[in-house]
Structures are given as structure tokens and as C-alpha cells.
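Q: In case you want the letters, here they are:
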Amino acid sequence: MGFLKDKKLMIRILIFIVCVCAVYIATENDYSLYSRAVGRVTHVTTTYSNTEQGYDGTYDYNEKYYDQTLTCVIKNGSHKGRTVTVTNHYGSSEVYDVRYSKGDAVFIENIKGSGDSLTGNAAGTKRDSLIAVILAMLFGLFLLVGGRKGALTILSLFLNMAAFYVVLLLYTKGINILALTIPMTIFFTAMLLFFMHGKNEKTMLSFVATIATVAVVTVISAIVMKFSGRVDYDFMDYLNQPYEQTSANMIFLSEILVGSLGAVMDVVVTMVMTVNQIAETGVDLTRQDFVRSCRAVGDDLVGTMINLMFFTNIAACLPTFILAMRNGIAFHTVVRYNMFFELARFLTGSIGVVLAIPVSAFVAIYYYRRRMEKCLSR
Amino acid sequence: MLIALTAVLFISIFIICGDKGTKSIISTVMNAILLLAAIFLIYKGMSPVLVTVAMCVMITVVTLFYQNEVNIKSKVAFFSVLAVIVIMVPLIYYMAIHANAAGIPSENYEVTDSNGYTRNIDVSMLSLQISVMFIALIGTVIDTAVAITSSIYEIRANSPEISLADLTASSFKVSKAVMATSIHTIFYIYIAEYMTLLIQYMTDYSLAYVINSESFARELISVSISGIGCCLVVPVATIAGAAFINKEQKA
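In order, the protein sequences belong to chains A and B. Just so we're aligned: the first sequence equals residues 938 to 1315 in the numbering used here. Just so we're aligned: the second sequence equals residues 585 to 835 in the numbering used here.
These are calculated hints, taken from the structure and not from any lab test. From the three backbone atoms N, C-alpha and C, an ideal C-beta is built for every residue, glycine too. A hint or two may mislead.
[To be verified] Distance condition first, Cα-Cα at most 30 Å in a straight line; then the derived DSS-like pairs of lysine-lysine:
(1) B:659 to A:1136
(2) B:760 to A:1136
(3) A:1139 to B:760
(4) A:1001 to A:1017
(5) A:945 to B:831
(6) B:834 to B:628
(7) B:659 to B:607
(8) B:604 to A:944
(9) B:757 to A:945
(10) A:1017 to A:1136
(11) A:1139 to B:604
(12) A:1139 to A:1311
(13) B:760 to B:834
(14) B:760 to A:1086
(15) B:604 to B:757
(16) B:831 to B:604
(17) A:1086 to B:757
[Stated by the list, open to error] If we take Cβ atoms under 7 Å as the criterion, some of the chain A residues that face chain B in the derived model are:
(18) 1091
(19) 1192
(20) 1196
(21) 1284
[As the list claims (entries may be wrong)] If you anchor each label on the Cβ, the simulated ranges turn out as follows:
(22) A:994 to B:631: 17 to 27 Å
(23) A:996 to B:613: 35 to 45 Å
(24) B:616 to A:1314: 47 to 57 Å
(25) A:1088 to B:616: 50 to 60 Å
(26) A:1113 to B:666: 21 to 31 Å
(27) A:1141 to B:614: 48 to 58 Å
(28) B:677 to A:956: 14 to 24 Å
(29) A:999 to B:748: 32 to 42 Å
(30) B:613 to A:1089: 57 to 67 Å
Using the sequences provided together with the hints, build the complete structure.
A: Right, dumping it as C-alpha cells:
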């Protein structure tokens, strides 16, 4: 356990903890930044209200409803320091409503009354401190674990977000989203590869292979989309309604493009590094030698990458899935409509992962073989 | 469209990958069945968190031991994944409970009372949210852990004379690169997943609304939990991997 005695590491961990705490305390108390009234819940009384029944075609469900009376101290604005009583109604499943608890910071609207008897409505939880704290932890861990590479990761994520923000801004100005996503993808790839691996031939090869694979995946998706009938976007999460079919198609294709990018790049980089390693160590290699090693490495990668695509894409639809099933919506209907986009992104992403193997192997082998031939002929 | 895409995926796996690729189809199908079984059990009224944690352990077993076979690499990866999940439990609970971010956010127009969904379902949406975070976490952590342990194994195999300290040091170098690419992989997946939500933020809401909103808090917490898990598994898998692989190779 030598790393426990490492003084430098302990100091770094200490700084990390102090920073996270500081961020938390600062953002918990930033009430003055808001123009809406923010209250801190100091006391809660909950009383049982009624039970309603839900029915899914086979079973009945009893949902208990509760009324809450919250006593809050207002922390900002003209009512600062005064107590306000807020009522709240929620069901125990909390599907669309929410249960507040002591210590929550809550936005309060419609403050009425005079003297000590102010009343108001709760309009959502103040969540900025949680967001700040979890980001602080994440970035802190990047630096703590990754060192210089972690710092580059943070920088690259910020640049990515900035580029994405610009794209969305232009999109809201009325420019086609797919036309914006394509240059953005090229920019993302170039920047990320350059940051992570420096300016060298491996970066160039990875860049070419990544762009080629992502292009192939998008084209395949577009062709499948064209020939398999109209996609029903009514169930696409968070899509602004009303929508136009063509613009929704564009958004969906852009999602496919970006969604497969990370995984494809991951595979491509590993493949190119492998070919590079083999080319540097081995002498007198035939094409078959290269292909065999590439296959072995690719096989190792594919399984866990596809798994990662599966869980990261599918996880988020679990609540909707359960809600739909408890509403008596048939299983295959849920898969066909509610889960459609998650599944499509998982499938296209996985196709990208698989195709990345031959594409990157081909690009890298072509390049290194040519270079070896040049060396030999000299 | 889904059927056509599935066909394309299966055909390309058969053409491009060898036996192991075929195995990865089977293990993905097994994982999908596990997930469906979990959904069914939750639907039947079992506690979502318990079902999910049990499922996560089984998924890890399938992915690691079936797909990558039982060897020192997958054993170390398995224990690293379990360790990280245990470390993450308090954080996930704290974040989920204090964010008040369970259920269906108001930005999701597609699923509302007015579209005929009853809200009387008697399943705690908070527990479901915790389950979602676990599932999203597990995929990333497994991927990172496997990448790390197999590269440590390769380093050790290529230079048998290496000392434990040197092995740990050079493993950390590789692990950091693995971490950086994994983080970007999940980052792009999430950007794709929430593109429509982000567009909605841009067109309809102010920044102050967004950073306090239910949907944003919960997506961001989910992404960050995956990211933090990914960071934590790096030192755990590297130190454990270097120690155990070194020991096994010596014997």
C-alpha cells in the first residue's frame, strides 16, 4: 500500500475534497443570483390525502396521494428572512409531481398575504448546487487520476460543448442541422485526436479512418431510413412539437452521427496503435500477418464496446418503459414506439464499432505497407 | 427500420469478427434478456433497486466471464467493477434523493396525462431513477476495466522481467489514455441522446431555468456518475491488476 504514504498524492486528494466542499457551500448559498424567490424548507408536515386507482388492463394499482405543508424561510428578494407556508400535493410514485423534504431549496411563486402569514406555491427545486458539485467531483477526478491527460480531457470537453452550442445556435437561426453536424463532427474528431495523441502520422490515419467509418454508418442509416417507411417521431423524447417530418429526420440522422463518433474513434485509435506497434517491431511482415493481428485486437474490443453502447443508450428509457407497461401498453408497442430511437442509436453505434475494425485496419495497413516498401526499395 | 439495422449489424459481425464476435452477439442478447427480465420483475412490483443491482452483477458476470473467458484479466476486472459500484452507491443515492429529479420531466411532452398516461402506477420513480444510474454506470465501468486489465496483461507478457513498481507505473500511463477515450465515448453518446432536449433548451428556456430544471439535473447527474465511475475504476483496476497479474505470472 505504498500509495497511501505518498505525501504528494495525499495533498492532492485533500485539495480535491476542499474544492468540492467549497463549490458546494458557495452554490448552496447563491440565492442572491436569482430574481425568483428561493426558500429553504425548515419544516414539513405530511398528511395522507386519498387513494386513486390505476388500471393496466389486467391489474389494479393503488396510488396513495399525500398533502404536504412546507414551512420555508425565504432567502432572497423583498421577502428575505420571512417565513412562508407552501402546500404541495404528490402521489407516492412521483411520476409528474414531487415530494419535498426538509432542507430542500425550493423556488416559490405567487407569494401572497401579509405579516407572518405568507403563502405561496412551490415551483421546482433549486438544483444548481448538485450540478456544480458533481461537475467539480468529475473534473477533480479527471485531474487527480489523469494528470495532464485529464486536464486535456476537460479542455476538449469544453471545446466540444462550445462547438455544439454554436451549432445549436445556428440551428435555431434556421440552418439545416445535418449540414451543421457534419463539419462539427470533423472538427470534434480532428481536435480530439490532436489533443490526445499529438500531431503525427497515427493521428492522421485515425482521423481518416474515423471520418470514413462514421460516414459509412450515416449513409447506411440514411438508406435504411429511406426504404423502411415513415419514422414516427411522436414518441421521440423532448422533440419540440409540432415538428416537420424532414427536419425530424435530419435531427435523428445527426444524433446517429454524433452517437457513433466516440465509440468509432475509440476502436480506430486502438487499431492504428496496434498496426503501428507491429510495423515498428516486426520485419518482413506479410499482409496476412497484419490482418491476423488486427482481427485479434478487434475481436477483443467489439464485445465490451457493444455492451457499453447498449447500456448507455437503453438505461434512460427504463422509467418510461415501466410507466407505459403499468398503463397497459403492450410490450411490443413500447419497444416499437417509446424505445425506437434508443434502440436505433444503439444499433447504428454498434455497426460503427464493427465497421471501424476493417476500415481502420485497411487504412493503417495500406499506409504502413507502402512505407515499408519505400524503405526496402531504397 | 430496427429489423433492417439489426440484420446489418449481425451480418457485419459475422463477416468481420471471428468466434469472439459471435460470442459478443450472444452475450449482448443475454444482457438484453436480463434487462427485460428486470423490467418485468419491476413491473410485477419488486423493488427496482434490488432487481437492478442483482441484474448488474449478473450482467458483469456474463460480459466478463462468458465473453472474455475466466482468467486473471476478467477476474481482476470483475472485482474492480464491484468495488467501484460499492463506492458509488452512497453518491448515487445522495444525488438521486436530493435532486428531486425522479419521474417524467415537464419538458417531455410525449408522455403526459393528457396523452392518456395514468400517473397512478404505484412504482417509485425515485428508485427507478437510481436504477437508471446504476445501469448507465455499469456499461462504462466494465468497458474501462477490461481495457485496463488486458493492457496490463500485455505489458507483463511482453516484458517478463519488469518489477511491480515499473509495471504499475507503465500501466497507469495506458490507463489514463483508456480513461480519456472512454469519457469521450460516453460524452458523445449522451450528446446524441439529448440533442432534442438541448435544442428545446436553446429555443424555449433561460439559463437560470435550465440549470435548475429536473431534466437537466438528472441527465447531467447521470453522465457525471458514469464519468466518475470511469475515473474511479482506473486506479482500482490498475493497482489491483498490476499486483495480481504480476503475482500470477510469477507463479
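Q: Hint by hint, note whether the structure agrees.
A: Hint check:
1. Straight-line distance between C-alpha atoms of residue 659 of chain B and residue 1136 of chain A comes to about 37 Å, which puts the hinted pair past the 30 Å bound.
2. Of the supplied pair hints, the one linking residue 760 of chain B and residue 1136 of chain A holds, its CA atoms being roughly 19 Å apart against a limit of 30 Å.
3. This hinted pair checks out: residue 1139 of chain A and residue 760 of chain B have alpha carbons roughly 18 Å apart, not beyond 30 Å.
4. Annotation: proposed proximity of residue 1001 of chain A to residue 1017 of chain A is violated, straight-line Cα distance about 35 Å (limit 30 Å).
5. Between the alpha carbons of residue 945 of chain A and residue 831 of chain B the distance comes to roughly 28 Å, so the proposed pair stays at or under 30 Å and holds.
6. The straight-line distance between the Cα atoms of residue 834 of chain B and residue 628 of chain B is roughly 51 Å, outside the 30 Å bound, and the hint therefore fails.
7. For the suggested pair residue 659 of chain B and residue 607 of chain B, the alpha carbons sit about 19 Å apart, so the restraint of at most 30 Å is met.
8. Annotation: proposed proximity of residue 604 of chain B to residue 944 of chain A is violated, straight-line Cα distance about 45 Å (limit 30 Å).
9. Our distance criterion of 30 Å between C-alpha atoms is met by residue 757 of chain B and residue 945 of chain A, whose separation comes to about 18 Å.
10. The hinted pair formed by residue 1017 of chain A and residue 1136 of chain A fails the criterion: a straight-line CA distance of about 56 Å is larger than 30 Å.
11. Taken as a hint, the residue 1139 of chain A and residue 604 of chain B pair is honoured in the structure, with Cα atoms around 27 Å apart against an allowance of 30 Å.
12. At most 30 Å may separate the alpha-carbon atoms for a hinted pair to count; residue 1139 of chain A and residue 1311 of chain A meet this at roughly 18 Å.
13. At most 30 Å may separate the alpha-carbon atoms for a hinted pair to count; residue 760 of chain B and residue 834 of chain B meet this at roughly 26 Å.
14. At most 30 Å may separate the alpha-carbon atoms for a hinted pair to count; residue 760 of chain B and residue 1086 of chain A meet this at roughly 7 Å.
15. A distance of roughly 28 Å separates the Cα atoms of residue 604 of chain B and residue 757 of chain B; the hinted pair therefore holds under the 30 Å criterion.
16. Under the criterion of a C-alpha separation no larger than 30 Å, the hint pairing residue 831 of chain B with residue 604 of chain B is consistent with the structure, at around 28 Å.
17. Taking the CA atoms of residue 1086 of chain A and residue 757 of chain B, the gap is near 10 Å; set against the 30 Å cutoff, the hint holds.
18. Violation of the interface hint for residue 1091 of chain A is found here, the shortest Cβ-Cβ separation to chain B being roughly 10 Å, above the 7 Å cut-off.
19. A cut of 7 Å between beta carbons decides the hint on residue 1192 of chain A: the least distance to chain B is about 4 Å, and the hint holds.
20. Among the interface hints, the one on residue 1196 of chain A holds; its C-beta lies about 3 Å from the nearest C-beta in chain B, closer than the 7 Å criterion.
21. A distance limit of 7 Å between C-beta atoms decides the matter here; for residue 1284 of chain A the minimum to chain B is near 4 Å, and the interface restraint holds.
22. For the hinted restraint 17 to 27 Å between residue 994 of chain A and residue 631 of chain B, the CB-CB distance of approximately 24 Å keeps it satisfied.
23. At roughly 29 Å, the beta carbons of residue 996 of chain A and residue 613 of chain B sit outside the given window of 35 to 45 Å.
24. In this structure the hint that residue 616 of chain B and residue 1314 of chain A lie 47 to 57 Å apart at CB holds, the actual value being about 53 Å.
25. The hinted range of 50 to 60 Å is not satisfied by residue 1088 of chain A and residue 616 of chain B, whose Cβ atoms lie roughly 38 Å apart.
26. Between residue 1113 of chain A and residue 666 of chain B the beta carbon distance is about 47 Å. The supplied range of 21 to 31 Å is therefore violated.
27. Taking 48 to 58 Å as the suggested C-beta distance range, the pair residue 1141 of chain A and residue 614 of chain B does not conform, at roughly 39 Å.
28. Judged by the Cβ atoms, the range 14 to 24 Å given for residue 677 of chain B and residue 956 of chain A holds: they are separated by roughly 23 Å.
29. For the hinted restraint 32 to 42 Å between residue 999 of chain A and residue 748 of chain B, the CB-CB distance of approximately 60 Å leaves it violated.
30. As the Cβ distance of residue 613 of chain B to residue 1089 of chain A is approximately 38 Å, the hint placing it in 57 to 67 Å is violated.
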